[in-house]
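Mind docking chains B and C on chain A? Use the hints.
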Amino acid sequence: MHRERINIMKKTFLLLVLSSYFLLPHVQAQGIAGGHVTGNIQVDGQISHKDSIIGSSDVAEKLLMNARADILYTNGNFLGGIRFEMYQNPMLGFDSRYKGQGLANYFVSYQGEKLSVTAGTFYEQFGSGMILRAYEDRYLGIDNALLGMNVALRPIEGVTIKALAGRERFFWDFSNSLVRGVDGEVNLNSVIKPLADSKLRLTLGGGFVSKYEEGQNITSPDVPRHKLNLPLNVGAGAARVDMSLGNFTLQAEYARKGQDPSIMNGYTYGDGEALMLNTTYSMKGFSVNVQAKRVENMCFKAERAVTGEMLYINYIPAITKQHTYAFLSMYPYATQTTGEMGLQGDVMYKVKKDTWLGGKYGMDLHFNTAVITGLDITGTEGACVGGDGYTTNYFGTGDLYYGDATIEVAKKLSSALKLTVTGGYQVFNPLVEGHTGALHHNTVFVGDLTWKVNKKNVLRFEAEWLGSDSKYDPDDDDKRCGDWIMGLVEYNFASAWFISVSDQYAYKDGIGNYYNVSVGYTHGATRLQLGYGKQREGLLCIGGVCRMVPASNGLTFSLTTSF
Amino acid sequence: MKKILFTLILAAAATIGMAQNATLPQNITIKALDGSSVQTSVIQNDGKPIIISFWATWCKPCNRELNTIKEVYEEWQEETGVKLVAISIDDARSASRVKPWVDGQGWDYEVYIDQNQDFKRAMNVVNPPHTFVLNGKGEIVWQHASFVEGDEEELLEAVRKAMEN
Amino acid sequence: MKNIPIPRRGFRFIAFLFVALSTQLFLLASCDKIESDQHWVYSGVSAEWHDYTGVVPNDMRVLMEKYTGVRCVNCPKADTVIHEAADKYGDAFIVIATHAGTFSRPYGEDPTLSCSVAEEWHDYFGITAEPMGLLMRGKNSSGDWDLFSPIANFDNLVEDYLNRAPEVAIALSRMDSGGYSYASVEIEFLEDIAVPLTLTLVATEDDVQVTQESPAGHIEDYPENHVLRCAITDPWGMEVVADGKRGTKRQVRLPLEISNVTNLNNCNIVAFISEKDSRRILNAAQN
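Protein chains in written order, with this note's numbering: chain A, 1 to 563; chain B, 1 to 165; chain C, 1 to 287.
Just chain A, with the same shape it has in the complex (with noise of 0.2 Å):
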């Protein structure tokens, strides 16, 4: 299989459009011809150590770096864009394959107001993106941009349809396979003339996928001398609703794939579908919502014979909250998209100022649940190479994989202190990740405190605690286990400059002792974080803004900035 690189011909009238920019007449108050020039532009690097207790590995090269920067021209409807992108070598954390650089992104756009038409690589999804979604996320490494052509009509108000066609950026290169795509969406409300005003507003939508892929040689030592006949062009279609009704909405997918035996569903020929249902009631104060899934083999991917996270074409969530706190979110739940099935449930109340609960400035109580678990199997001689797949039972369950309630209460103390609890439980089965081991049961506890000393300097604490049934064992190795304590200070200065400090500590059953130290300013929008010790990787909140991070063991530095 060959694919395509980019050639000498992108790089010249690349080379071109950029010394124009320098040739043309420079009006930096009104940019260029008209236009304007934004962009972003971010360089990491990290030094890192060996150290086997965090897991992280000796670097012979010393400095891992990724840089990238952002430009894009826009003038009037037009846009153009391209993306630079360094991984020399990429940072602990990334795919290895990203090791280079070179344009990762370039594309020449018209925006109007009834028709939006984009030639190069770009990013769509298809309602949830349960059936596509070119999306990228720097920090996690997914870049699967389609390069090709997307257009979108809006012919009247409420009403729009998407056609696309491309092929999916891998790496430093795009896949051979077709992708292409219809999607159509129509909001009732602005459509139909007696319902604009109507209390129930309610949009449909529904859209198509198909992929084509050459066929190649699949065999199994089961059945010898025989290749599979595979299908070259796979198709997959969704349909959705999204209502709401005064308090209420309800937001209903329902995704259904045909044959595509791949490498992620042992080669298997049944349909693959997903089913994702959302209730909300709210008001101002207080709001419920349920979230319930159901997802059977809807790996739709680029290429049959490609494993891991790399060339999907759709994007299938997990169920669970997005815990922000460390000791929550230790371990985390991936989605098994082979198969499960989840429940999720969250309710927010604001008590009201001036209550006995709520004191002088109110207090706001969140509580979060969620529940996932296998899918009900009932028969598998299907789950062979070129079988059926899986029979299950479509509203049984199967084992647990995840289960967590959290509940918070954030309450203003007085005038500079802010106070947020949080407890929480979690059960967590090392199957999620690959492993087979028992359950894990976790109690997690976090306090964290805000006190605005005064109008330049504000404090930040934070402690947690983490109890679990696990003992860290040498054989599987796993560096969670055990029992963990937690605590971070962190000084903002006249909201440009930060420092903090903290460390996790296993006392009990584990082993670890992850300290560190960050320093950072803020200037408008560019920002420079240096930090010093070992980190886990996963979602980390400090000096004011969120970001992924990978595990990284020594110093590591951010240099943000948009303009």
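Among the hints, a few may not be true.
[Said to hold, decoys possible] Computed Cβ-Cβ distance ranges for the label pairs, DEER-style:
id, chain 1, residue 1, chain 2, residue 2, range
1, A, Val306, C, Asp277, 22 to 32 Å
2, C, Gly138, A, Gln216, 27 to 37 Å
3, C, Pro223, A, Gly215, 35 to 45 Å
4, B, Val42, A, Asp137, 25 to 35 Å
5, A, Leu195, B, Gln77, 25 to 35 Å
6, A, Gly34, B, Glu74, 33 to 43 Å
Rather than coming from a laboratory, the hints here were simulated on the basis of the structure.
As the structure is a computational prediction, the values presented were derived from the model and not from experiment.
Glycine is no exception: its CB is placed at the ideal position from the N, C-alpha and C atoms.
Here is chains B and C on its own, set in the frame of chain A:
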């Protein structure tokens, strides 16, 4: 060859600075809380300043920012007529929780969901929270990344300045 | 429902048509569905190639495919012509009689002489009439398969190929070892060949007696010869692993997994080397 390109790009970027006033992109699709798709051209405030804040339900500093501004929002509106438009970058995992979140927190802002982050990319937002101030003509006159208690004073100053334009 | 403004003209109408058409096209074209019993297709035996040091006789042989059927009126006449050519050219002329298509439906209680590889070749070469002949899977000047009617003498076509110098030499032998049958194929590159090549082995059977149509009516117990019975390798061949340089000699031993043959004493093995992409046959051998 690639190094030359990279240097050129950086040089181009460096020469631009803040002197240029870009305007708000008009035709990017975002979702309103009732489920309908709208264009970013709906972000209007009758010639008065607008604050655009990119946030997410999982971003604590974003919530601190929007809750801090909530306490002074009425005063700000009386003084400057400013409108705050909060753009959520929650993706399919948490997008369905945006409306209950907004209601649960008791916010009065105009909220839209940028589920595939098209608006975020067009505005060059890297990490949330990222806040912009637009003047009456729809030009971006101020932007700031990150939020710490006290930053709302700077934001109000920027809005006052935007009124003068 | 009557309040939905169906656009009648202009931009909106075009947009509406666009939606209708594209969704139709998508639903029709973008999905392949494979029946439960067709998940697997025969891909034939395969084995490792290794270097060969012996002599490979460099005879040029011509392989003719005769697309035929029991209901094909002129096929007995074609058989006569082919028989004359076989007498004239001997071992240098190899025939595969491929029974496929509507003309191959058997009469009465006769078993069918068609098989999956026969049907696959028949469809691939676009055979619409029978009898139809194809020599060495060559193409004519327009780039189409060089099909001809073998009812009349075609010696000139055969000699056209026989007079060429072979690009590859091929030798085929059969042996039994440990109770199993094997075919041994040796090839020698007589020129530098840059394109990928494949080796295909099939089994044919002689003297299969069935009812055959002819200008004089049904002929009972008509002996059908060179009937294509099964493919031993993948119907389109197994990869030839070699460096393609002149003088290179390679050998492969394949287990003879023969199916569908009623009398093994009348069974021939035919091996041929062809270009993977163009399908053109370079040389053939029979044993």
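Evaluated hints:
no.	hint	result
1	A:Val306 / C:Asp277: 22 to 32 Å	26 Å, holds
2	C:Gly138 / A:Gln216: 27 to 37 Å	29 Å, holds
3	C:Pro223 / A:Gly215: 35 to 45 Å	39 Å, holds
4	B:Val42 / A:Asp137: 25 to 35 Å	27 Å, holds
5	A:Leu195 / B:Gln77: 25 to 35 Å	32 Å, holds
6	A:Gly34 / B:Glu74: 33 to 43 Å	39 Å, holds
Of the numbered hints given earlier, the model fails none.
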